[in-house]
Amino acid sequence: MKSRIFGKISREIASWQVGAIPGFTVVGLVILARATGLLQSLEWGAFDYFLRLRPAEAVDERVTIVGINQADISRIKAYPIPDRELAVLLQKVQKYKPRAIGLDLIRDVPVKPGHQELISELKNSKNLIGIEKVLPVTFPPPPTLPPEQIGFSDAILDTDGRLRRSLLGTRTTQGYKYSLTLQLARAYLASEKIFLTNSKRDRHAMRLGDTELPRFLTNSGGYTGADAGGMQILLNFRSGDRRFPVINLNEIKTGQFDPKLLRDRIVIIGVTAPGVDIINTYATTGIDRMNGQVYGVEIQAHAVSQLLSAVLDRRPLLQVWADGWEYLWIVAWGFLGIVLGKLTQSPGKNLLAVGLSGLALLGMSYLLLIWGWWIPVVPALFVLLVLGPTAIAVYQRDRTLKSRIQERQFIIEHSFTSIHNGPLQSLAAFLRLAREQDLPQEQLIVKLEQLNHEIRDVYEFLQQEPLTQDRSLYLNKGLAVDLQAPLHELLYQVYCSTLERDFPCFKTLKVKIQTFDPVEDLRLNLTQKKEICRFLEEALCNVGKHAVGMTRLSVTFTQKEELYVLQIADNGAGIVSTSTEGRGTQQSRNLARQLGGEFQRSPLPPRGTLCQLTWRRAKLRKWVIGSRKS
Amino acid sequence: MAQNSPAAVKQKIVVIDDHELVLGGTLDVLKQQYPEAEFFTAKIAQSALNAVETYQPDLLVMDLSIPEETGTTARTDTGIQLLKTLLKKYPTLNIVVQSSYVKALVRIKPEIDAHKGGFTVADKSLSSKDMLTRVDWALQGLTHTKDLKSMRSALEFKPEWLTVLTLAFQEGLQDKAIAERMCVSERMVRHYWTKVQDVLDVYPDEGKNIRIQTEMRAREEGLID
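Protein chains in written order, with the numbering used here: chain D, 1 to 630; chain H, 1001 to 1225.
Next up, chain H with everything else stripped away, as it sits in the complex (with noise of 0.2 Å):
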């Protein structure tokens, strides 16, 4: 992908947060890892609307818990609606979402399954590397929504989802002709498949195959034979 390579294209990356500090902090590391790219920032939900709109970025960094305008006090609630509004709106943008209470997320979860873009969830407690690599993964247009499962609850997916597993590890077929099978693009069917990892907890790893992961915990979870 195109955007996987920092030196390639001038990124854009637009980053929200309330705090000075976090906000601070979270610009330092970015840049650290991406000093060719463009940094924008906003403070509440009105101004992050508008950056989104003015400079269409390559990434998108959030917290959940802003302030609707200037003034007022942040609540989640403001986020998850500016979410939920981003992603009607730009259905590719990639984003990750940064917050101490990520559980929030639950209530947009079909909005959230239905992004063709990146998206990864990363906890404020988690260590800058991990995060970075959260925003490395949502920049290769993957879904990490891993924390937002409870631990015994049992793996959700969408049935189309399930279709290319089968497609894929009963019948053997390529990308392409699971796209011809289902009807749907090549990258619809590219975007499926980060769905169905991040739902069996497969991601990148040095030196392992993905797909071949993804075929193994398929089978582990018993949804192929």
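One chain only, chain D, in its complex shape (with noise of 0.2 Å):
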């Protein structure tokens, strides 16, 4: 029984290996190609286009932005923005009592005039933070501001040249520094008495209160070999169309704004006219609805907004999964490939699961990316598309091939018990009597005559038998029977037609007993009614063979109640026993396994042989169904 199991099993095993290689393969080089970095492009696209999708969020409550645009600049005639004008700007604002200022407009050298009034506006604005750019080209922050006051405005592009992450910190020539966004995240949240911590579980990541920041890794999600230097973490753009409330310049000045945009807020102040200070991303769209390109100023809001965010409302910071869990994504998309291809059996319905499955994994990677997880889609979805149909394509041949292997071996078998049971038989009588007796030369010829025929019925039938509707049984003589005939008539025709071949040990008989007990239902199959009729013909020619001098014949097929019996019973001098199982006997024992009865073969006191095959009515229903089919 256990090595039923475990042959079951290890066939199991064995038809799924065909398999492997492709999926070995085509895993291995998708993999191959995802570390070297040749499907970053895509997986940035699948990424940016994702977070585009998102519904829309509400605009934020805690970041207004103060833009300088076009309008303003020619009405003021002067760019770079003068110094005084940014002065009242700055008077203005602060009127209204915004938490933290952001001040993203170079101010590195005075822009006349009024460079005065602005110095002295600095430092009267404790709130206000300006910037500074450190990595690698540098300009230093407008004069006279503190340290803490200062925060770099630097942003990592990508090698696509789009923005996909937030840089919080870094190490430079004179010291670690704080970005803008993270230095207005901090006094905002100072108020709130939430502070900048080192994280617990990644000491060179970040916390803010008790929110981790994610850090960004060198192979991140779908980045290969990026610069990870610093703190950074994935940007995870507020989405919608309207994000962030925005006053001009202007409206500042003429007072036509709503004031609570400005109280206890956080201020960012910069340019929003083209040409300036443009970012590339695809991930949102711009404020003028620039297509791909967002001002630097709301660049700021953004990452401000995200940190802001993730503290006060728990909205969730990008995370990826460890490398590990990556990979193992992967190659789980690939087996699923392969069991789609191994599972369907036409090419339809496998595009139609490779599809459907796509579809899932598509829709499960934009579920996991609103709730904050960047999984690996792009390589997934590549394994499954090529695996699926690949899979299919093998599995079909290996298929095609074994099922052509079966049927050799059924022509074979199939050709051997036609010949075993019709000209071999007539050869072992003959041989017999040959060996007896010297035969005279007539005899001989005619012997052999009727070997000749017998050998070339055998091909006939075969000739005539289709394989797979085989429905007809083919007795001595070409006569063929219909296998659809009850059992009990199709035993008597053997019966009869095996009597009346040429054995020497039918000639001595002179009682012939039978009785063929009419069954109905018998539940059986073509296949199983044609093995125990070549039974009876098998062991019919075997009394003809060996029951020497045989006077009285027993040959009866009788029904009590769920038990069927066929016995043939001689009463001659009986085989020889030979230490080898015949071929024949053989194939009386598979089918008694197959019919899940029992195969007999005794010597019968005083004198004589018993030949018999008992079996069981099956009982199961779903038998039923196949033999009625068949």
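In case anyone wonders, no lab produced these hints; they're calculated from the structure.
Just so it is clear, the structure is predicted and the values come from calculations on it, not from any experiment.
Errors might be hidden in some of the hints.
Straight line, CA to CA, 20 Å or less: simulated EDC-like cross-link-like pairs of lysine to aspartate or glutamate [said to hold, decoys possible]:
hint	chain 1	residue 1	chain 2	residue 2
1	D	K512	H	D1147
2	H	K1146	D	E500
3	H	K1084	D	E489
4	H	K1103	H	E1156
5	D	K512	H	E1220
6	D	K512	H	E1215
7	D	K510	H	E1156
8	H	K1089	D	E520
9	D	K512	H	E1160
10	H	K1109	D	E500
11	H	K1149	D	D502
12	H	K1103	D	E489
Each of the two chains sits in its own frame; use the hints to bring them together as a complex.
In structure tokens, the structure reads:
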């Protein structure tokens, strides 16, 4: 029992192995492509696209952008904006008591007129953060600002020129520095008693209050070998068309805005005019619906906003799986591709299954991204789409090959059975006769001619007999019997036809006892019926060859309730027992096993041989359907 | 047996043959022998079945080679199929099969063996006198299938027929006791006897005891010691 289960399992494994080679190859190639960065741009593309596809979020109520737009510049007729204009702007903004101001404008050198006024305004603005640039080309911050009021505005772009990350802090020649984003968030959160600390899990990472900031690593997500210097996090853009309130310079001057938009908020002042401070990204639409481009000041707003929302609203920050899990995920989808290839029987169904699985993968990746997880969708989709169709091709080919081998085996078995039950039996009888006595020439020729015919007949039977719908049983002298007939009739035909054959031991027969009980609904399929008929034929041939001096032969097929007995008994000399089991005996044992019954051949005292096949009526309902169908 | 005397009850006989001439000839012979009987005829398998169904005859005389329907050619297969149906539906019907190729009946030997009514076979080349004898035996419920046996072939029995022989001649039991032993009706035992007699080629003969004849033949064949 155990070995049978084990055999079944090992056969099952063997049948899967065919898909292993293409499976390993494709998954291996995709993993290699990913590891060498070939898939990076595709993964970035999918990432940007999914981010953009997300449902819109509410307008941020903590961050307001004060943008100096093209109209403002035209009105002032000067660029850069003179220091005096800026000083006035700061004064007006400060009146509404914002919690922090980010001055996203380069003021390392005086822009006259009004430089002194700006200096004094900056001195009075303890809630203002100015910018500098630290990597690798630098510019200094506005003069007079103390270090805690300075943040860098460097952005790290990817090799495709797009922004997906936010740099929060970095080591410089003048020590460790924070970005404008982080400085603004710190200033805002400080009034909520939330402070920046080091992460407990990752000593290079940061923590705002109890919110861990997931540090960007060199191979995070779809990235391969990216510069992960300093403390970076992925930029989880705020989605939707209106993300931050925007007030322009003129509106501030003329007081045409809602004071609520400034009070107790973070106000970021920057330029929102084309051609000045532009960042490329496809992950969000620009303020002015510029395709793929966003003003630098808005990027600052996104970066600050994602920190504040993460800490205060528990809005997710973007995270990725560890590399091991990512590759396991890819392998799993490759495996699914192979499974679909193995289980689906037709290319159409396979295409449908692979298509549906692909959609499920995309949907799952999208949902996970909304919840803050960026998982490898492109490589997984790739292995699935390649392996599904490949696997079905491979398995189909394997199945065809196997069925051909099976067919071949069947033909061999079938041919041998036909030869064994026909000419071989006659030959055996003839040999026996020849050994016992000297045969005259004519008789020899007659016998050989008879054999010649029988062998030719076999070829004809095989020709006639269709392999697939094998509904006939071919008996001696080309007699064909329809296997659809009830078993007792078939057996009678076999009995008559076999007894007519020219076997030496039949000649002494004086009394035949036969009965074939009529039975209905035996629950046997055609093959089983055929095998039972062949069993009787074989048994009678044996009697004809070995039952020397037989005078009485009894052939009975009887039914007692659920038990069927096919019995052949003679009173001849019987088979001289040989050490090896003949092929006929093996066939009989196989048949008995198949029917769940028993085969028995034993001497019958005082003289004779009993050959008996017993089986019970099948109980399974399933079987009945099977036998009726066939 | 009641049917034995032609005058007692009005007998009903169905004759099936597709040949007008042969049918007429058979009818003439039968009418002379059984003047009191009622005769019905059929030429095709379908109407034959209907006739048997409607008249419930005491005897059926049929040709094996008949057409299925009017217009189709006569085939032995059709007759065999019809006979098979009749044997199954009317297990006690007395039947005489007339044919020029009686060997075809070998195919349904098991059904004939199981039939409880009279069953005799008459080759068409038989003389009228012999034919009438077969008809008479069939009416008596006897079996006569000697013509189906091949010359050198061994005697063929059903196990229960041999049991009857053994019980009667080795243990000396009478039919009633045999029936009790075998758990069958006495009528069934009588039916077995007719089958045994047919196998041993023992048929009614003027002035001879059929049981004793049977015993002698059985001993001759070594069926009983």
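Evaluated hints:
| no. | hint | result |
| --- | --- | --- |
| 1 | D/K512 x H/D1147 | holds (18 Å) |
| 2 | H/K1146 x D/E500 | holds (18 Å) |
| 3 | H/K1084 x D/E489 | holds (12 Å) |
| 4 | H/K1103 x H/E1156 | holds (16 Å) |
| 5 | D/K512 x H/E1220 | holds (16 Å) |
| 6 | D/K512 x H/E1215 | holds (18 Å) |
| 7 | D/K510 x H/E1156 | holds (9 Å) |
| 8 | H/K1089 x D/E520 | holds (16 Å) |
| 9 | D/K512 x H/E1160 | holds (13 Å) |
| 10 | H/K1109 x D/E500 | holds (15 Å) |
| 11 | H/K1149 x D/D502 | holds (17 Å) |
| 12 | H/K1103 x D/E489 | holds (17 Å) |
Hint compliance for this structure: no hint is broken.
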